[in-house]
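The primary structure of each chain is shown beneath.
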Amino acid sequence: MINLVRNEMLKLLRKKRLYVIILIIAFLVPLFTYAQFKEIQEQREKMGNQDWRTVLQQEITDTQNRLSSSRIQDEWRKYLKIRLSQQQYYLENDIDPRAPGAPTFMRIFVENSIDLLLPLLVMVIVADLVSSEASGGTIKLLLTRPVKRWRILLSKYIAMLMSVSFIVLSVAVLSYVISGLVFGYGGWNMPLLTGFAVSGDELLTDRVHIVPQWQYILMEFGLVWYVSVIVGTLTFMLSVLLRSTAAVMGIMLASLIAGAILVNMVSSWESAKYFFMVNLNLTNYVSGMATPIEGMSLGFSMAVLAVWGLAGFIIAFVTFSKRDIY
Amino acid sequence: MKKYTLTIVSAVSIAATLLWLFGLGWTLQDQFTANEKFQKQKEKTESATSKKEDGNLTIFALGDSLTRGTGDADGKGYVGYLSERLKKKSEQDITLFNTAIKGETSRGLLKQLRQSEIQRQVKQADVIMMTIGGNDLFQQGKVLESLDKNAINGKKQIYLRNIKNIYKQLRELNQDAVIYHVGLYNPFSNLQDAKTTSSIVRDWNFQTAETAAQFNNIVYVPTFDLFQLQVENYLYSDQFHLNTEGYKLIAERVASLVHFEQEEKNDE
Amino acid sequence: MSNTPALEVENLTKKIKRKLIIKGVSFTLYPGEVFGFLGPNGAGKTTTIRMIVGLISPTSGTIKIGGKNVRTEFTEAMRHLGCIVENPELYPYLTGWENLEHFAKMDPSIPKDRLDEVVTQVGLQNRIHDRVSTYSLGMRQRLGIAQALLGKPKVLILDEPTNGLDPAGIREMREFIRTLAREENLSVLVSSHLLSEIQLMCDRVAIISKGAVIRTDSVENLLAEQERVIWKAEPLSLAKEILEKETEVQEGLDQTLITLYDEPQLPIWNEKLVTAGVKVKEMRTQLPSLEDLFLEVTGGESID
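Chains as they are written, first to last, in the working numbering: chain E, 1 to 326; chain X, 1 to 268; chain B, 1 to 304.
For the record, the hints were derived by calculation from the structure and aren't laboratory data. Take these hints with a grain of salt, some might be off.
[Stated by the list, open to error] Here are the simulated EDC-like pairs of lysine to aspartate or glutamate, each with C-alpha atoms no more than 20 Å apart in a straight line: (1) B:Lys-19 with E:Asp-324; (2) X:Lys-102 with E:Asp-324; (3) E:Lys-16 with B:Asp-130; (4) X:Lys-248 with E:Asp-62; (5) B:Lys-17 with E:Asp-324; (6) E:Lys-322 with B:Glu-244; (7) B:Lys-232 with B:Glu-244; (8) B:Lys-232 with B:Glu-172; (9) B:Lys-210 with B:Glu-246; (10) X:Lys-155 with X:Asp-74; (11) X:Lys-102 with E:Asp-62; (12) E:Lys-15 with B:Asp-116; (13) X:Lys-87 with X:Asp-74; (14) E:Lys-81 with X:Asp-74; (15) E:Lys-148 with B:Asp-107; (16) X:Lys-102 with X:Asp-238; (17) E:Lys-148 with B:Glu-73; (18) E:Lys-148 with B:Glu-101; (19) B:Lys-240 with B:Glu-271; (20) X:Lys-195 with X:Glu-232; (21) B:Lys-279 with B:Glu-246; (22) E:Lys-15 with B:Asp-130; (23) B:Lys-15 with E:Asp-324; (24) E:Lys-148 with B:Glu-76; (25) X:Lys-156 with X:Glu-210; (26) B:Lys-23 with E:Glu-39; (27) B:Lys-23 with B:Glu-8; (28) E:Lys-322 with B:Glu-76; (29) E:Lys-15 with B:Glu-227.
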């Protein structure tokens, strides 16, 4: 098995896809670093002083203003209320949620890339893992070896898991190293709040507790990895089902983008919460943001993703071991 | 070299997998385990924050929409303006906790006071600000439903019982902080029946002040006089809550009182 | 030839969407022989071969490679098999050596020095560390064979091995295959739609048409059966008249007549012609090409 996985890793490396991914990240991170830097600068100018408390207080009053307008939608009001109580909590506990520093940037970057950017990167790697063997004809040589088919697919799956881990690690390392040039490398021990739970209209704070930022980041990356693995598994299944890498990418791209759009629209369509695409934003549960549909929670989303992933895994293995190859 | 890349990337990937699995496990453990741990951490937070807040003025505000600041264009409300004024005057850092809820009645406030987080904040407060009763008396900004004396009397009795309990609770939680209870104004003083409504509000205020007087350090701050004339200039478009100018008036009045108290405290 | 078969195919069928595509194919390969699998495009050659190598699962029938059933003992069966199905499609982004290493790693029974052996065997020593994307078709074909030989197989299956090669390449391939069969006692199954190729390369042939094997025999036997006699005589019309009374006659090119080869009858026919005053100028026997044979057995089905 180790030999098979080694083979798959070799092919992955030789295809240079991993390097492309790293390049993409290395190109995007400075972009976002600059954007973040500009934002902080602008805030400082606007406020005239650097005290984040005033900034946060301003945000709170902004939110209150918006809340007092009678024209806003119920959904939006709900979200604002939750945000408000959270911001107040931060202020009251003297915690700056956006203290600049490379770890903070890392956290914000990963929170914002969990539902689209990272799945896309994973997709680029995984999409042709099996379909390229089919379209290139090498599958005929691969499957006429004295190795059972499920073992071959499993080796590819393991290679997929490894490259997903590698991508997530690249995101972590690159975002830390590059943004640190601007923001400095400190801030690992900054306390952050987590454990918010949303129940109906209310933000439940009874389980809120403080974790140091490094733990918070590690937790979020764990979730990011989980999401990436699920997206990877589904892409993997499509890669088994379809010969054309372009078709795999097309379908995955469409569903991911559909997910991003749906999240903003589905609040009244409750059963949409069983789609995998609307459940990708796991880090929102940790940081205490509103859920797109009522009744969603970290456990729920993870379970939905697990079911999708498991189904994809089974479909992939059953089809692959039974299929006739022409 | 080429061979090494493969080995290195593979090794790094495996290490990363383990790391992320660990992170995921930690998340599950952290987000789903029982409350024990949280309780402990909460206590820690408590001590940390109370230490931090020594030496500066902590204002704890509670009550209804007036304290929340409904109607104020900046959303600050009188508490916001008050803390700004105090900050300037005393050149001290002021921490403001505002837990007021729009539409809160005396009953709701009593309930809110049972929450541990609120209790914790009350304990730490140097000054307590509150408005309550407006929603007991008026129904969400409507003119009094009926001017039936009996009905209003009934409401008043319930309110007075609740306010007494609120005072008592606050005092139990915090013996030192001065409590400023900002009184009611009559938002309908420019309408018909002004005489009747004004007399009801005056009576309401009087009874509350009497209750407050039974406790130490509770200042019942009148606002009736502030808006007795030309109330329309100080009302928000809903004709019930105050606008920015109105809130500033209240802030001004309370600020003068608080400043005095603060100096006295420093002298001690 | 030894008696233990290297490859046994028995009553193989394949149904796709209720349509029987392969209708009970059976044949056996013995060690050291080159077996031709001949049929027009779409006759079921490739489907049959893919069933043998395990890419397609048969609807019924058994396939045994080196005595191991492909269905029930896949791993053991595959260990005795080397194959190229259609084009030798290797990983273009890997070098030739990495490709071989890749496939060698999939079978732990392959020793490390085996790679050098097969590379020498196919004569790719100079270019083996170049990327496959830079290889010519002939080199890819050779690399394909190298990977097929990695596991020292008992059976080598080559689907259209000369497809796309130039004449020199074709000859080289043919000789290589013959050498392998002779020296390594390998049984080779070669499929082709080119009759001339099969004729030159194979010991035995199975002719497949419309999903069924029509005939299986040694090349000599098949040809011998169809031996003809060509007559040159004057006057031709009279000769034809006389011969038609005795046997089936066809008119050939250049004023000739063609009849079946029937050894005891031949002098009698001749005598009759002579007594009737026909001058028999020439009388010779001819082995037909497989082309003719094929047309005969398939009843005129087209072939390239």
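Outcome of the hint check:
{"no.": "1", "hint": "B:Lys-19 with E:Asp-324", "result": "16 Å, holds"}
{"no.": "2", "hint": "X:Lys-102 with E:Asp-324", "result": "68 Å, violated"}
{"no.": "3", "hint": "E:Lys-16 with B:Asp-130", "result": "17 Å, holds"}
{"no.": "4", "hint": "X:Lys-248 with E:Asp-62", "result": "18 Å, holds"}
{"no.": "5", "hint": "B:Lys-17 with E:Asp-324", "result": "13 Å, holds"}
{"no.": "6", "hint": "E:Lys-322 with B:Glu-244", "result": "59 Å, violated"}
{"no.": "7", "hint": "B:Lys-232 with B:Glu-244", "result": "15 Å, holds"}
{"no.": "8", "hint": "B:Lys-232 with B:Glu-172", "result": "39 Å, violated"}
{"no.": "9", "hint": "B:Lys-210 with B:Glu-246", "result": "35 Å, violated"}
{"no.": "10", "hint": "X:Lys-155 with X:Asp-74", "result": "33 Å, violated"}
{"no.": "11", "hint": "X:Lys-102 with E:Asp-62", "result": "16 Å, holds"}
{"no.": "12", "hint": "E:Lys-15 with B:Asp-116", "result": "25 Å, violated"}
{"no.": "13", "hint": "X:Lys-87 with X:Asp-74", "result": "18 Å, holds"}
{"no.": "14", "hint": "E:Lys-81 with X:Asp-74", "result": "17 Å, holds"}
{"no.": "15", "hint": "E:Lys-148 with B:Asp-107", "result": "11 Å, holds"}
{"no.": "16", "hint": "X:Lys-102 with X:Asp-238", "result": "14 Å, holds"}
{"no.": "17", "hint": "E:Lys-148 with B:Glu-73", "result": "10 Å, holds"}
{"no.": "18", "hint": "E:Lys-148 with B:Glu-101", "result": "19 Å, holds"}
{"no.": "19", "hint": "B:Lys-240 with B:Glu-271", "result": "14 Å, holds"}
{"no.": "20", "hint": "X:Lys-195 with X:Glu-232", "result": "16 Å, holds"}
{"no.": "21", "hint": "B:Lys-279 with B:Glu-246", "result": "18 Å, holds"}
{"no.": "22", "hint": "E:Lys-15 with B:Asp-130", "result": "15 Å, holds"}
{"no.": "23", "hint": "B:Lys-15 with E:Asp-324", "result": "12 Å, holds"}
{"no.": "24", "hint": "E:Lys-148 with B:Glu-76", "result": "10 Å, holds"}
{"no.": "25", "hint": "X:Lys-156 with X:Glu-210", "result": "13 Å, holds"}
{"no.": "26", "hint": "B:Lys-23 with E:Glu-39", "result": "73 Å, violated"}
{"no.": "27", "hint": "B:Lys-23 with B:Glu-8", "result": "16 Å, holds"}
{"no.": "28", "hint": "E:Lys-322 with B:Glu-76", "result": "19 Å, holds"}
{"no.": "29", "hint": "E:Lys-15 with B:Glu-227", "result": "58 Å, violated"}
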